[in-house]
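Hey, can you work out the whole structure from these sequences and the hints?
Protein chains: 4
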Amino acid sequence: MMLLELKQKTWEANQDLVRRGLVLYTFGNASGIDRNENLVVIKPSGVDYDKLRPEHMVVCNMDGKIVEGDLRPSSDLATHLEIYRSFPQIGGVVHTHSKNATAWAQSGRDIPALGTTHADYFHGPVPCTRELTDDEIRGDYVLNTGHAIVERFQGIDPLAVPGVLVAGHAPFAWGRDPIDAAHNAVVLEAVAEMAFMTVLLNPHAGVSQALLDRHYYRKHGAAATYGQR
Amino acid sequence: MMLLELKQKTWEANQDLVRRGLVLYTFGNASGIDRNENLVVIKPSGVDYDKLRPEHMVVCNMDGKIVEGDLRPSSDLATHLEIYRSFPQIGGVVHTHSKNATAWAQSGRDIPALGTTHADYFHGPVPCTRELTDDEIRGDYVLNTGHAIVERFQGIDPLAVPGVLVAGHAPFAWGRDPIDAAHNAVVLEAVAEMAFMTVLLNPHAGVSQALLDRHYYRKHGAAATYGQR
Amino acid sequence: MMLLELKQKTWEANQDLVRRGLVLYTFGNASGIDRNENLVVIKPSGVDYDKLRPEHMVVCNMDGKIVEGDLRPSSDLATHLEIYRSFPQIGGVVHTHSKNATAWAQSGRDIPALGTTHADYFHGPVPCTRELTDDEIRGDYVLNTGHAIVERFQGIDPLAVPGVLVAGHAPFAWGRDPIDAAHNAVVLEAVAEMAFMTVLLNPHAGVSQALLDRHYYRKHGAAATYGQR
Amino acid sequence: MMLLELKQKTWEANQDLVRRGLVLYTFGNASGIDRNENLVVIKPSGVDYDKLRPEHMVVCNMDGKIVEGDLRPSSDLATHLEIYRSFPQIGGVVHTHSKNATAWAQSGRDIPALGTTHADYFHGPVPCTRELTDDEIRGDYVLNTGHAIVERFQGIDPLAVPGVLVAGHAPFAWGRDPIDAAHNAVVLEAVAEMAFMTVLLNPHAGVSQALLDRHYYRKHGAAATYGQR
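Chains as they are written, first to last, in full-length UniProt numbering: chain A, 1 to 229; chain B, 1 to 229; chain C, 1 to 229; chain D, 1 to 229.
You may find that some hints are simply not true.
Chain copies aren't distinguished; within one or between two, either way the pair holds.
Derived SDA-like pairs: lysine to any residue, alpha-carbon spacing no greater than 25 Å straight-line [as the list claims (entries may be wrong)]:
1. K51 with F87
2. K65 with V150
3. K219 with Y25
4. K65 with S208
5. K51 with G206
6. K51 with E37
7. K65 with R218
8. K219 with A78
9. K65 with P54
10. K51 with R20
11. K65 with L24
12. K219 with D48
13. K65 with P125
14. K219 with R176
15. K51 with N202
16. K51 with D177
17. K51 with V18
18. K219 with L52
19. K219 with E136
20. K51 with A210
Source of the hints: derived by calculation from the structure; they are not laboratory data.
Right under this line is the structure:
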């Protein structure tokens, strides 16, 4: 068996999504990448989370071919692969239909940066992609979803904004590894929920760039002061 | 004892509704049909879910007469029967007062198709019936509820849209069997919750027909690519 | 020890409120009345629910004097007593600060009858009292709260509408006995939550009197058809 | 080991925040002060709550220097210290990112006093600070947050209004000791949730000063009548 540690982490990330209430039935998936081997480990498609074991994780190459595993990989594999190809800094990708983030994705709106909870994780709005064209949908849809994500991140550092809303669909999040990606997906959902309430209370709410910078760099980068470092 | 397997499935479907938080007290019921025998198995009326056992399920014929069982069938029986008569493709029916779907039913609005979570299960809006007339309410009310549902589905394939909102009342959902019907009721509630938030964020939200088609046919029909098939 | 059965039921009603999520800390109370003895059994004031035992229930007469018990009765006792005096049909009263019903009370709005869930329990809107005057607040405030409730029910049968919103405060509910009162408080909270969402989806939502009548008399009165009767 | 009892209470307050659902991951902290020793006990920064033990609490002096403990104190320490310095009546401080209170903080709005649940704990609106200037953010940000809180409380008794919203950030609450502070943070979150719904139902809702006075003094001060005193 290959990539045992990555399989374990990817499985844990998938379980985190369920435990944190981000996943109903099988509506979500997590993956991890081994950058040396250029292989991706991903949840199999449509398998119940409570029957899922680390050894069920499917190993694919960057063309989406199965390298190890008896089960079919998540139907969102091509989106994961495009994100890994375009964002070489990251090591894990997560997709959920968590309720609040999905509502924002369905509304077609970026989640504005409305406070420090957001700023601690996302250095600016969580962007929403444009809608796909009919041709993109009828063509290589799952890959084109990845293209739309990457297109939306032109000029944005994916580690500074580790998540996206796919318009009319749902969120993706990523991170240094699958567990970090799942953590970011959980925070994205919490941020989305608070932003929903905030814009109903005050449609013009927002915070200064100075505040976003302060909170973001408190947790990230060389000058970070948060936690036991 | 008749129809043991169907009783077991119908009981499981009723338990699923409770476990998933769709049912308060006794506000819901699930049934299943044996198309060979033309008999329907349904939850008894007003019995606590935690005391409910598979053998308590009531067996009725298509005229609503009790064929087996000491308890009275659910008071919504006539609606279930009308749905079975008019939608011969289906094998299970579920009725709940789940909060978000009921709010949409009370508002008298169809749940618009706002994203892929919806499209994976419902190939178009979840329709809301017209209000019943006073005569329909004072007459054979429960049966007339079924008539209003069937009327609303003229031109809609009930397997492509496996649920409905009864105006001023609550949702019904259905499926291949009782467990599938309960599953669709759970998804309907999740979709209703996300749609509620979405229309508050953007009253003009919506997705293209191409996206609805793509997601629906990803999970349904000969060309399905989702899961381990 | 007096009134053991009523103490047990009153204790159970108090526990139901906690188990159903209607009570935070000690923000609620249930009572029951013995109409033969003209004695009321009520939860003591400010005691943690998890330390509460049936024998802690306080017995008072209709003047609010303690007849048995070492603890002080709920600070809302005078409201309970006024409700018992004015609504001789009822045997239990419950007060909570459950979130959705309290939000409606704070808004000063009746909860309109928007669907059958409501109609199965409340035969018309759940009324909201007028605000108390400053003199009423500075005077015998708890009793005056009871007066405002009774005033609001002129022309309304308290068994047909077993609950009220006290403006700027929170709900009271009642029933045949304390357990029935708690049940009605739970349904009131569910109805309030769905009504909140409904009026945001459609400010003009509402149902016909015929539908209210049909559902109400399905569960109440001589012609009731619901449950195992 | 110093201040064992205060460490235990501070640890309990931190656990309360998690148990009551106010804290996601490590987004919160509680502290307590020994007014005789002029020492503050506070949660360490970024440590998982389920691994946290009373002995992990960090002891600091009023200049923020660590007096005992191997871990770094919460990154919000300077805000806690400023609150302790300016509000000599209090013995515990809590900071969370609880969802509803944070949404109000992000909206930049005071939580208006809309009912008796609020009035039982907060004798007037829960105030929201002004936004910090860019210079304040780029300077001694955590201390300046404390200054903005204290500035906002000019003319307000911090024991009569034991909490605040920091604009674009999140709530702080306080009390006689850390457990009381956590209790107030829990109530603040409940009050914020009900206020959110209330202003959507009625943007002009509000209660009279007489009602606020009545409920506040029912639980506080020499004439209090609530509980077993």
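| Taking each numbered hint in turn, which are not upheld by the structure, reported in ascending numerical order? | 1, 4, 5, 6, 11, 13, 15 and 20
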